[in-house]
Each structure stands twice: as structure tokens, then as C-alpha cells.
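Please model the entire structure based on the sequences and the hints provided.
Same order as they appear, the protein sequences are chains A and B.
Under numbering that gives the first Met the number 0, the first residue of the first sequence is numbered 0, with each subsequent residue one higher.
Under numbering that gives the first Met the number 0, the first residue of the second sequence is numbered 0, with each subsequent residue one higher.
Treat the hints with care, since some could be wrong.
For chains that are exact copies, the list does not tell them apart, and a pair is met inside one copy or across any two.
To be verified - Below, computed lysine-lysine pairings styled on DSS-like, alpha-carbon distance capped at 25 Å: (1) 295 / 5; (2) 295 / 308; (3) 311 / 280; (4) 226 / 308.
Hint data in this document are derived by calculation from the structure and do not stem from the laboratory.
Number of protein chains: 2
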Amino acid sequence: MEFSMKDFWNGNRRALARAITIVENERDGYEDIMKDIYHHTGRAQVIGITGAPGAGKSTLSDALIKQFRKQGKTVGIVAVDPTSPFSGGAILGDRIRMNDLTLDKGVYIRSMGTRGSLGGLSRKTADAVKLMDAFGLDVIFIETVGVGQSEVDIVKNADTTLVVLVPGLGDDIQAIKAGILEIGDVFVINKCDRDGADRLNVEIEMMLDLGEAQNWRPPIERTIANKDQGVEDVVTALGDHRKYLEESGLLEERRRERARSEMLEMIHDRISRHIEENLSKTGEFNGYVEDVFERKTDPFTVVDSIVGKIFK
Amino acid sequence: MEFSMKDFWNGNRRALARAITIVENERDGYEDIMKDIYHHTGRAQVIGITGAPGAGKSTLSDALIKQFRKQGKTVGIVAVDPTSPFSGGAILGDRIRMNDLTLDKGVYIRSMGTRGSLGGLSRKTADAVKLMDAFGLDVIFIETVGVGQSEVDIVKNADTTLVVLVPGLGDDIQAIKAGILEIGDVFVINKCDRDGADRLNVEIEMMLDLGEAQNWRPPIERTIANKDQGVEDVVTALGDHRKYLEESGLLEERRRERARSEMLEMIHDRISRHIEENLSKTGEFNGYVEDVFERKTDPFTVVDSIVGKIFK
Chain A
0 MEFSMKDFWN GNRRALARAI TIVENERDGY EDIMKDIYHH TGRAQVIGIT GAPGAGKSTL
60 SDALIKQFRK QGKTVGIVAV DPTSPFSGGA ILGDRIRMND LTLDKGVYIR SMGTRGSLGG
120 LSRKTADAVK LMDAFGLDVI FIETVGVGQS EVDIVKNADT TLVVLVPGLG DDIQAIKAGI
180 LEIGDVFVIN KCDRDGADRL NVEIEMMLDL GEAQNWRPPI ERTIANKDQG VEDVVTALGD
240 HRKYLEESGL LEERRRERAR SEMLEMIHDR ISRHIEENLS KTGEFNGYVE DVFERKTDPF
300 TVVDSIVGKI FK
Chain B
0 MEFSMKDFWN GNRRALARAI TIVENERDGY EDIMKDIYHH TGRAQVIGIT GAPGAGKSTL
60 SDALIKQFRK QGKTVGIVAV DPTSPFSGGA ILGDRIRMND LTLDKGVYIR SMGTRGSLGG
120 LSRKTADAVK LMDAFGLDVI FIETVGVGQS EVDIVKNADT TLVVLVPGLG DDIQAIKAGI
180 LEIGDVFVIN KCDRDGADRL NVEIEMMLDL GEAQNWRPPI ERTIANKDQG VEDVVTALGD
240 HRKYLEESGL LEERRRERAR SEMLEMIHDR ISRHIEENLS KTGEFNGYVE DVFERKTDPF
300 TVVDSIVGKI FK
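Structure representation (C-alpha cells):
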């Protein structure tokens with residue numbers, strides 16, 4: 000199971016798989032790989048897909064992928080399941096993708112779960128996207144299972160966010176929607192032959208009216224993904240948004256912002272690790288813990304003094 | 000809305016409420032309050048309650064509270080909803096508690112939601128527990144809405160964890176249980192008059208057999224919480240566990256561990272804030288971001304150099 004960057008640059012899919020595994024588990028060589036590939040990133044069209052469970056996200060993204068494949072584009076999918084610390088997220092990728100897409104060499108699918116912290120999951124997703132991007136995949140999907148803060152954080156790694164909704168869900172789901180409406184660049188009403196599609200459309204429009212006016216008004220597309228209906232229009236809308244991002248300078252702005260926040264997060268992680276590996280094992284720190292435990296002092300006073308020393 | 004520590008020490012409930020608000024929002028004076036009260040913490044019996052949605056956690060904890068009140072003990076509840084970043088968690092506390100408990104001056108209820116990060120929520124929960132403890136409440140419940148990693152993190156602030164299960168839920172729920180079984184010190188099969196209670200009991204026993212042998216074998220109690228059936232036995236089991244923790248030295252050990260991890264987390268937060276407030280706004284850092292964005296360098300190389308300088 001040797002990994003070589005040469006195989007990676009030669010387009011060997013196994014090398015891509017191994018690279019992601021090394022990066023995901025932060026094994027030796029992780030940083031070298033990321034340093035190597037960084038200069039080759041920034042080319043792919045990165046699309047995030049989110050929406051309530053049961054909205055048909057995976058069916059829709061399968062249909063979208065087929066459209067992109069028809070255009071001759073290669074596609075990567077990072078399927079992320081942050082909801083369970085126990086499944087490791089593997090269920091998602093394995094269950095859904097047992098279809099013809101897995102036989103297509105122009106499609107690369109990878110699922111990721113929560114092994115460490117949620118924050119870690121978002122960064123690992125970003126790294127997997129960069130690896131696929133450098134590998135040369137043209138379009139990369141980031142797919143999440145549900146809707147929640149962690150999903151929102153993960154989807155923020157995309158340039159364009161697709162929000163999938165479905166008619167006829169209850170009030171709880173409607174409430175959740177309010178949160179994901181803010182991040183949607185393109186909306187899809189899937190299963191649009193169901194009752195309530197028109198009402199849902201009106202609701203989305205109303206919510207969009209309530210938001211700040213932007214130069215980009217998110218379009219609302221209608222699909223029946225399992226019959227491939229309306230899917231081409233979604234591809235067009237995604238392309239329109241990409242063009243808008245490029246022409247308005249927003250693509251640059253968002254990516255610069257992302258570079259900034261990624262760097263801050265990395266500094267943060269690095270310092271945490273330093274604290275974990277050094278400070279927390281010293282006799283001095285153990286002494287502080289003992290004093291706090293015995294209430295001879297309080298944690299705030301101790302922390303003030305430790306942090307003061309680091310930044311003195 | 001002036002806050003005074005004098006009112007707090009005099010047992011004024013409004014002062015407690017204000018103190019929690021100040022701490023929750025990290026307003027001015029937050030650290031002074033925590034420093035002041037720290038020496039008065041460590042007395043309360045802190046109980047975490049978790050379990051699948053629909054298991055009747057809030058009905059059970061209401062019934063438990065009534066038992067503790069009969070014993071003349073005062074009770075605090077921190078009701079935490081980490082699932083939605085949008086509800087602010089207020090729904091939980093407000094919806095459930097519209098009953099006679101709210102009129103009892105020996106019971107203090109507070110709900111908390113996700114306003115910042117999930118990690119932040121766990122720390123805010125810990126702070127609220129400390130405030131209630133120092134205020135003099137005898138028993139403090141930490142209640143969560145669902146089951147997931149964030150709930151597990153929150154419940155870790157308790158000395159004793161009660162896991163509430165209910166017969167006849169589907170396979171998905173059973174899978175989730177595997178995760179919370181590990182943290183249960185006492186199990187309750189609520190709604191035990193339903194079909195499947197015996198089978199559930201056997202399942203829990205089997206899972207407990209699979210785990211490492213411990214000196215404490217978690218008891219499995221059966222309740223019908225809305226009829227107050229079996230609730231007294233749960234109170235007894237909670238007391239037994241507390242006694243076990245004290246006599247075995249585990250209570251000290253767990254609390255020392257918690258002091259340690261809280262301090263590490265505080266150092267972590269403090270350093271992040273320092274980075275956010277100082278480093279990230281400097282022209283030097285902006286220059287690095289620009290270089291990374293233009294791919295003149297990569298984030299890893301830059302971060303290495305920045306972190307190296309901090310710990311030089």
C-alpha cells in the first residue's frame with residue numbers, strides 16, 4: 000500500500016484514494032502531500048448539496064452527475080455524514096452508490112464521517128476537495144446528510160450551494176429551512192409532482208424577499224430527479240451561478256476569505272496540539288490542576304497566567 | 000437589571016438568572032463571577048439525562064424532581080438543545096415546563112441553545128451547573144434533547160448519567176443506543192408497560208456484558224413516568240451511584256479530570272481569541288493570506304512559520 004505522488008499525478012485513482020486516507024487520518028506525510036498539491040488547486044467547480052433528509056439529495060446529485068458526464072466532465076463526490084459519531088459516515092456512501100455510477104471511471108466517490116471533532120470533519124472535507132481538484136476532477140460535489148450547523152459549516156467549502164427541498168413536509172422541517180435558505184445559491188424543489196410544490200415555491204420566494212437584496216437572485220428549479228426531469232436546468236443554473244461568481248469578483252473574494260479562515264483554523268489546531276502534547280503533560284500543569292481541583296485557586300486565574308506566558 | 004454578587008449569595012433567584020445570562024453571553028464581569036463562585040462549587044449532585052427523542056426524558060425528570068423535592072432537596076435543571084442553531088434551544092425549556100414545577104421556588108429551570116459553537120455550549124452548560132451549585136441547589140439535572148456526539152459531550156459534565164430508553168423503537172434508534180450505552184451509569188426503561196420492555200431489558204444486559212467489566216454494574220430500572228411508577232427506585236439508584244463514586248474515589252478522579260479538560264479548553268479558547276483579535280488583523284497576516292490565495296506559497300508553510308514564532 001505504498002503511496003507515491005507520481006501515481007497521483009499520473010491519474011491513478013488508487014493513489015487518490017490513498018492520498019485522501021492519509022490526509023483524513025493525518026498520517027505521516029499528510030502535510031507534504033497537501034503542500035505538494037496546493038499549487039494545483041482552484042480549478043474545479045465545487046458544488047455543495049444540502050437539504051432535509053428525504054428530499055432526494057442523492058438521487059438528484061446522481062442525475063446531475065450524469066449530466067456533467069454527458070458534457071465530458073469528470074466528477075468527484077465527497078459524501079459527508081456528520082450526524083453520527085458511530086457510523087463513521089460509511090453508510091451513506093456505500094448504501095446510495097450501488098449503481099452504475101460506481102463503474103464509471105470518470106466519477107470518484109468518497110464518503111467521510113465524524114471520527115474526530117465536527118470542526119475536523121469540515122477541514123477534512125476541504126482537504127479531500129483539494130485533493131480531487133488537484134487530481135484533475137472538473138466538478139466536485141460536497142453532499143451532506145441532513146441540515147444543521149455542522150452541515151452548513153461543511154457546505155461552506157463549496158463555491159455554489161444547492162439547497163434541495165421537497166413539497167409536503169411538516170412544520171418542523173419548514174422551520175429548519177429558514178436556516179439553510181440563507182446559504183442557498185440555487186434552490187431545487189424535488190419531487191415537484193407532489194402536492195404543495197406551488198406553495199413551497201411561493202414560500203421560498205417570500206423568504207428570499209425577506210433577505211437582503213443581492214445581485215444574484217437564487218433561481219428556484221423544479222425536478223423529478225428519479226425521472227431525470229428538470230435536471231438539465233439545474234446544471235444550467237449552477238453554471239450561471241459560477242459565471243456570476245467569476246464575473247462579479249465574488250469567486251475570488253470567497254476563496255480569499257476561505258484561505259484566511261482555513262489558515263486561522265490550522266493555526267488554532269496546531270496550537271491546540273502543541274498544548275496537548277507539551278503543556279498538558281508537564282508537572283507544572285499537573286500542579287495547577289491539583290490546585291484548581293482542591294479549590295486553592297480557580298481555573299480562570301491559572302489560565303490567565305499560562306496564556307500570558309505564551310504571548311509574553 | 001443591575002447584577003450584584005450580594006443578591007446572588009442571598010439566594011435571590013433573579014440574581015442567579017442574571018449571572019447565568021452574563022456567563023452565557025460572556026458579558027463584562029463574566030470571569031469575575033466565575034472566579035468568585037468557583038470556591039463554592041463541588042457540593043451538588045449533578046445528574047445528566049439523555050436518551051432518544053420521544054423516550055419521555057422530560058416527563059421522567061419532572062417525576063424525579065418531585066421525588067427530590069419530597070426529600071426537601073432543591074433542584075436545578077439545565078435543559079440543553081444542541082440540535083438546532085436556529086431555535087436557540089428556548090423551545091425545550093418553555094414548552095415542557097408549563098406545569099406546577101415552575102411555581103415551586105425550590106426548583107430552578109434554565110434552557111440553553113446553540114448560539115456559538117457546540118464546544119461553547121458544553122462549556123456554557125458546565126458554567127451554568129457551577130453557578131447553580133454555588134447558589135446552593137442540592138441536585139442539578141443536565142437534560143439534552145437527543146442523542147449524538149454533542150449530547151454526549153454535554154452530559155459528560157454530570158457525575159452520574161441516566162440513559163432513558165423506551166420499548167418498541169426501530170432499528171435506527173437501536174443503533175444509536177450503542178453509543179449512549181457506554182456513558183450510562185443508570186438505565187431507565189420508560190413506558191415499560193409497552194410491548195418489548197423485556198426484550199429491551201435483555202438487549203441492554205447483553206450490551207453491558209459486552210463492555211469492559213467495571214466495579215459498577217449499571218442497574219436497569221423500569222418506569223411509567225407519567226404515572227410516577229418506578230420513579231422512587233430511580234432516585235435510589237442515582238443515590239447508590241453517587242455513593243459508589245464517593246467511596247471508590249471515582250468522584251474525585253472524574254472531577255479532577257474534568258478540571259483538567261476544562262482548563263485545557265479555556266487555554267484553547269483564549270489562544271483562539273488572541274489569534275482572532277490580534278494576529279488575524281495585522282497587515283503581515285493579510286499579506287500571508289494574499290500569498291496563499293495567489294498560490295505563491297501554501298497554507299502549511301505559512302502556518303508552520305507563524306506557530307513557530309509563537310512558541311519560539
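For each hint, the structure was consulted:
1. 295 / 5: between (59 Å within a copy, 22 Å between copies)
2. 295 / 308: within (21 Å within a copy, 34 Å between copies)
3. 311 / 280: Both, since 21 Å and 19 Å are each at most 25 Å.
4. 226 / 308: So residue 226 and residue 308 fail the 25 Å test inside a copy (63 Å) and across (58 Å) alike.
The structure shown violates just one earlier hint, number 4.
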